[in-house]
Structure formats: C-alpha cells, structure tokens
Amino acid sequence: MRECATVDEAKLLAYLLDVDRPDGGPKARFFLSKGAHVGDWRRFREVLREHARSNPV
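Following the numbering used here, the numbering of the sequence shown begins with 190 at its first residue and continues without gaps.
Source of the hints: derived by calculation from the structure; they are not laboratory data. Since the model is a prediction, treat every value here as computed from it, not as a measurement. For each residue, glycine too, the CB sits at the ideal point set by N, CA and C. Treat the hints loosely; a few may be bogus.
As the list claims (entries may be wrong) - No more than 25 Å apart at the CA atoms, straight line, and that leaves these computed lysine to aspartate or glutamate pairs for DMTMM-like:
1) 200 - 212
2) 223 - 209
3) 223 - 239
4) 200 - 235
5) 200 - 229
6) 223 - 207
7) 223 - 235
8) 216 - 229
9) 216 - 198
10) 216 - 239
11) 223 - 198
12) 216 - 197
13) 223 - 212
14) 200 - 239
15) 223 - 197
16) 216 - 235
To be verified - Computed beta-carbon distance windows for the label pairs:
17) 240 - 218: 25 to 31 Å
18) 207 - 240: 16 to 22 Å
19) 218 - 193: 17 to 23 Å
20) 195 - 227: 16 to 22 Å
21) 210 - 243: 16 to 22 Å
22) 209 - 245: 30 to 36 Å
23) 223 - 197: 17 to 23 Å
24) 211 - 242: 18 to 24 Å
25) 236 - 210: 16 to 22 Å
26) 198 - 223: 15 to 21 Å
27) 193 - 214: 17 to 23 Å
Work out the full structure, taking the sequences as your base and the hints as a guide.
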C-alpha cells in the first residue's frame with residue numbers, strides 16, 4: 190500500500206545520504222545533487238514518502 194510507505198531514518202542517514210559508503214555512495218551523490226542533505230533529512234524523507242504515495246512502486 191503506497192499510503193503506508195515508510196522510510197527508515199537509519200537507511201536515509203547511513204545509506205542514501207552517505208557518500209562514503211561503497212554501496213550507497215552513488216545514490217547519495219545523486220540525491221545530494223538534487224538538493225537533499227543530511228541536515229534536512231526529515232524533509233527528504235517526506236519527499237520520498239510523497240513520491241511513493243503518488244507513483245507506482
């Protein structure tokens with residue numbers, strides 16, 4: 190169910206926004222280039238949740 194989408198804080202901070210991780214670094218660089226940043230991770234989480242609610246997942 191899209192409306193129940195969750196985004197784990199640890200996954201955001203330690204994976205999706207961590208450029209030093211070998212497995213998450215490319216994703217982090219992409220998201221950072223689009224304006225996401227660690228200091229405003231809650232906003233980024235809401236953007237991801239809204240995307241999941243509004244689009245096929």
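Right, here's what the structure says about each hint:
1. Of the supplied pair hints, the one linking residue 200 and residue 212 holds, its CA atoms being roughly 12 Å apart against a limit of 25 Å.
2. Using a Cα cut-off of 25 Å, the hinted pair residue 223 and residue 209 holds, with the two alpha carbons roughly 18 Å apart.
3. Only pairs whose Cα atoms come within 25 Å are accepted, and residue 223 paired with residue 239 is accepted, the gap being roughly 16 Å.
4. At roughly 14 Å between alpha-carbon atoms, residue 200 and residue 235 fall within 25 Å of each other, so this suggested pair holds.
5. In summary, the hint linking residue 200 to residue 229 is supported, as the alpha carbons are separated by about 14 Å, within the 25 Å threshold.
6. Pair hint residue 223 plus residue 207 holds up; C-alpha atoms about 14 Å apart against a cutoff of 25 Å.
7. With a CA separation close to 15 Å, the supplied pair residue 223 and residue 235 stays within the 25 Å bound.
8. Restraint check for residue 216 and residue 229: the C-alpha separation of about 17 Å stays at or below 25 Å, so the hint holds.
9. The hinted pair formed by residue 216 and residue 198 meets the criterion: a straight-line CA distance of about 16 Å does not exceed 25 Å.
10. With a C-alpha separation of about 19 Å, the suggested pairing of residue 216 with residue 239 holds against the 25 Å cut-off.
11. Taking the CA atoms of residue 223 and residue 198, the gap is about 19 Å. The hint holds against a cut of 25 Å.
12. With a C-alpha separation of about 16 Å, the suggested pair residue 216 and residue 197 falls inside the 25 Å cut-off, and the hint holds.
13. With a CA separation close to 19 Å, the supplied pair residue 223 and residue 212 stays within the 25 Å bound.
14. Among the hinted pairs, residue 200 with residue 239 is consistent with the structure: their alpha-carbon atoms are about 17 Å apart, no more than 25 Å.
15. At most 25 Å may separate the alpha-carbon atoms for a hinted pair to count; residue 223 and residue 197 meet this at roughly 20 Å.
16. A distance of roughly 17 Å separates the Cα atoms of residue 216 and residue 235; the hinted pair therefore holds under the 25 Å criterion.
17. Distance hint check for residue 240 and residue 218: the Cβ-Cβ separation is about 19 Å, which falls outside the suggested range of 25 to 31 Å.
18. Checked against the hint of 16 to 22 Å, the C-beta distance between residue 207 and residue 240 comes to roughly 20 Å, which is consistent with it.
19. As the Cβ distance of residue 218 to residue 193 is approximately 29 Å, the hint placing it in 17 to 23 Å is violated.
20. Under the hint 16 to 22 Å, the C-beta atoms of residue 195 and residue 227, about 19 Å apart, fit the expected range.
21. Taking 16 to 22 Å as the suggested C-beta distance range, the pair residue 210 and residue 243 does not conform, at roughly 28 Å.
22. The given range of 30 to 36 Å is respected by residue 209 and residue 245, whose C-beta atoms sit roughly 32 Å from each other.
23. Between residue 223 and residue 197 the Cβ separation comes to about 20 Å, which falls inside the hinted range of 17 to 23 Å.
24. Range check, residue 211 to residue 242: Cβ separation about 31 Å, and the 18 to 24 Å hint is violated.
25. Taken as a hint, the range 16 to 22 Å holds for the pair residue 236 and residue 210, whose Cβ atoms sit roughly 20 Å apart.
26. Between residue 198 and residue 223 the C-beta distance comes to about 19 Å, which sits within the given range of 15 to 21 Å.
27. Taken as a hint, the range 17 to 23 Å is violated for the pair residue 193 and residue 214, whose Cβ atoms sit roughly 29 Å apart.
The earlier numbered hints that this structure contradicts are 17, 19, 21, 24, 27.
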